[in-house]
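Protein chains: 2
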Amino acid sequence: MKVIYVDNNATTKVAPEVLEEMQPYFSEYYGNPSSMHSFGGNVAGKIREARQKVAALIGATPEEIVFTSCGTESDGTAIRAALESNPDKRHIVTTRVEHPAVKNLGETLSKRGYRVTFVPVDSEGRLDLDYLHQNLSDDTAVVSIMWANNETGVIFPIEEIAQKVKDQGIVFHTDAVQAVGKIPMDVSRTGIDMLSLSGHKLHAPKGIGVLYIRKRTKFAPFMIGGHQEGGRRGGTENVASIIGLGKASQLAREHLQARGYERIRKLRDKLENTLIAKVPHALINGDRQNRLPNTTSIAFEYVEGEAILLMLNEYGICASSGSACTSGSLEPSHVLRAMGVPFTAAHGSIRFSLSRYNTEEEIDFILEKLPPVIARLRELSPFWKEAVRAQSSKLRA
Amino acid sequence: MKVIYVDNNATTKVAPEVLEEMQPYFSEYYGNPSSMHSFGGNVAGKIREARQKVAALIGATPEEIVFTSCGTESDGTAIRAALESNPDKRHIVTTRVEHPAVKNLGETLSKRGYRVTFVPVDSEGRLDLDYLHQNLSDDTAVVSIMWANNETGVIFPIEEIAQKVKDQGIVFHTDAVQAVGKIPMDVSRTGIDMLSLSGHKLHAPKGIGVLYIRKRTKFAPFMIGGHQEGGRRGGTENVASIIGLGKASQLAREHLQARGYERIRKLRDKLENTLIAKVPHALINGDRQNRLPNTTSIAFEYVEGEAILLMLNEYGICASSGSACTSGSLEPSHVLRAMGVPFTAAHGSIRFSLSRYNTEEEIDFILEKLPPVIARLRELSPFWKEAVRAQSSKLRA
Chain E
1 MKVIYVDNNA TTKVAPEVLE EMQPYFSEYY GNPSSMHSFG GNVAGKIREA RQKVAALIGA
61 TPEEIVFTSC GTESDGTAIR AALESNPDKR HIVTTRVEHP AVKNLGETLS KRGYRVTFVP
121 VDSEGRLDLD YLHQNLSDDT AVVSIMWANN ETGVIFPIEE IAQKVKDQGI VFHTDAVQAV
181 GKIPMDVSRT GIDMLSLSGH KLHAPKGIGV LYIRKRTKFA PFMIGGHQEG GRRGGTENVA
241 SIIGLGKASQ LAREHLQARG YERIRKLRDK LENTLIAKVP HALINGDRQN RLPNTTSIAF
301 EYVEGEAILL MLNEYGICAS SGSACTSGSL EPSHVLRAMG VPFTAAHGSI RFSLSRYNTE
361 EEIDFILEKL PPVIARLREL SPFWKEAVRA QSSKLRA
Chain Z
1 MKVIYVDNNA TTKVAPEVLE EMQPYFSEYY GNPSSMHSFG GNVAGKIREA RQKVAALIGA
61 TPEEIVFTSC GTESDGTAIR AALESNPDKR HIVTTRVEHP AVKNLGETLS KRGYRVTFVP
121 VDSEGRLDLD YLHQNLSDDT AVVSIMWANN ETGVIFPIEE IAQKVKDQGI VFHTDAVQAV
181 GKIPMDVSRT GIDMLSLSGH KLHAPKGIGV LYIRKRTKFA PFMIGGHQEG GRRGGTENVA
241 SIIGLGKASQ LAREHLQARG YERIRKLRDK LENTLIAKVP HALINGDRQN RLPNTTSIAF
301 EYVEGEAILL MLNEYGICAS SGSACTSGSL EPSHVLRAMG VPFTAAHGSI RFSLSRYNTE
361 EEIDFILEKL PPVIARLREL SPFWKEAVRA QSSKLRA
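Chains as they are written, first to last, in our numbering: chain E, 1 to 397; chain Z, 1 to 397.
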């Protein structure tokens, strides 16, 4: 069966050009870049190139790029480094809608003597900026706020926030895992001190990430060992994946420059506009004005998201009910709860996240299959029957 | 030029069978194993298989295997988890000859209120077991000792040490990065609580490692985020590399069962015996009785190791002057210094580390090229001239 993959915020296909670039570095040029011999040294040269390409994608200099193993490592490293570099400060500011890598770390740190403020969002997923700024103080060591939300795609005004935070002498970190490669960015023109990105969200392989650390930012390594990454991250370099991430960054940059995301945005808009027109009681979660071009989170009221996913799965359609990192839990998404999405809508929310590999035929296929799925499930849903009954009695009244 | 790669303790070639097994998981079956859809779920099944294969190699159960990004991460996680789980204890015991991942972490922790004991070794690189046991106390939170040394290949009596440490209720961790796959082991029959291994030392790719955590060992995750690895390590699984490490573990186990290391041992012995016979003032560093079968560290007195390496490099021979993780520094190896190897010998020490891909022809080629290299370099060496003069005047006396 053909797979229709619209779960690109969970993970992406490695681009064929990326895999091709990585290929020789497994069994042919497998030297350790730290070795004295030229067999290792040649590899070091390729890593330098990859570092330049990643830097170019986000507007950094190559020396500001530290390769890590994933977004989670980058997030944890950034926040812990900020705390360690500011040992007198015990306050952390983040949001209620962060990825578990930041949210769960915040909760853990709050049990270890740190005070953690989780800034709320409104019903559209927009950050309460007043609350944020009112809660900054001399005791605040770090502010960590995601650039774009993984579930709704809502984009926060990171440049604006970063500048205000920086003006108060507080370290600013952003988890930009979902934003990098999907929207243009130039960190050099912002107040961002540290930024996390993840390879497997932009068509590089899983198991490679980056922490951008602005020049002169105080830092303490999380992974202590060899001299790699300028002493900022010990451990033998993940050579093939670093080279792959370099290529993926170059492709993402070209795609952004060619405005390739406009095509993706049109497909996404067609998908969501048609669905809310065709399916009654279907709502878009999150601010439609400030959103990633590839993401839509749609609440189909009075049905179970997991049931929808299972039925879509039968057609080879891969979507998601929220973050893959929290799947398996029966709790509704913490992001939608923070937005105050009602229980009956949050439980029936599906995220579609597109990539440059999706086609109009695929979107049409989803549009053909999904509305009957919702209708069938609603026929089985006690909540739906009750809602319909309530509505018709209201109409009669 | 043909490459003669005898630097396998730095990193290894990815076995062709391993690369083949990984291939489909980049661009074809690229699902996130945490996803609800079967496209991701199928990948989760392959990860389960890989976990079983790694467990089988070291005698663990699959639930005791946590995938990490490298040996350095595994070491850091183990030591920090032991400290966090024993917050009343402030003492760490390790050795003077550990890999930087443990040595540098120990030094960092000693600046943060922990007391760290570095157990010495004798001139053969054997651990001072009396010193070790005398230094254990009620305040000791963790003992971390490598299974085999990366520079000399010397094997420590880990089973014996682990049992004694465990008998005192202290957590025992071993960095087994160089030992796994080269000597048989069965952790279930030992007192080891945690063990680190690294994929790229056993023909899996770089960027994947494992921390073995014995059932019921108290643990606190280092990387906090999603529910992955049973809540013991957040972050999307490095799918292709995990599958590769599974295959590499299976190959290593078969190789051990077929006593494939006997062939490697014979090649190593031929290399070192011929060299010390042919080259005057050449000494083997470390206990020849208890040593990895693939490793030899040879001191060529009165010459510079880096000069030897550069000349070998001209012939395509890739060896090392010590750990790749400390290369680039002008300091002689901390391992050889801890053994009391004299300055003139430590500086001229070369490590050859073989793998199953090395052939007798390659060893013969090294034996043909290396002795004249040493002779040429000694002609240029003021130390050598002085040593020869001193010796001849001694003979005259």
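If you're looking for bench data, these hints aren't it; they were derived computationally from the structure. Don't take every hint at face value.
The list makes no distinction among identical chains, and a pair is therefore deemed to hold if it is satisfied within one copy or across any two copies.
Dumping the calculated DSS-like pairs for lysine-lysine here, alpha-carbon to alpha-carbon at most 27 Å [what the hints assert, rightly or not]:
#: 1; residue 1: Lys2; residue 2: Lys270
#: 2; residue 1: Lys270; residue 2: Lys89
#: 3; residue 1: Lys46; residue 2: Lys2
#: 4; residue 1: Lys270; residue 2: Lys164
#: 5; residue 1: Lys111; residue 2: Lys2
#: 6; residue 1: Lys2; residue 2: Lys278
#: 7; residue 1: Lys111; residue 2: Lys369
Note that the structure is predicted; figures quoted are calculated from it, not measured.
Outcome of the hint check:
no., hint, in the structure
1, Lys2 with Lys270, "within (21 Å within a copy, 57 Å between copies)"
2, Lys270 with Lys89, "neither (48 Å within a copy, 61 Å between copies)"
3, Lys46 with Lys2, "between (36 Å within a copy, 21 Å between copies)"
4, Lys270 with Lys164, "neither (37 Å within a copy, 68 Å between copies)"
5, Lys111 with Lys2, "neither (47 Å within a copy, 57 Å between copies)"
6, Lys2 with Lys278, "within (25 Å within a copy, 65 Å between copies)"
7, Lys111 with Lys369, "neither (47 Å within a copy, 62 Å between copies)"
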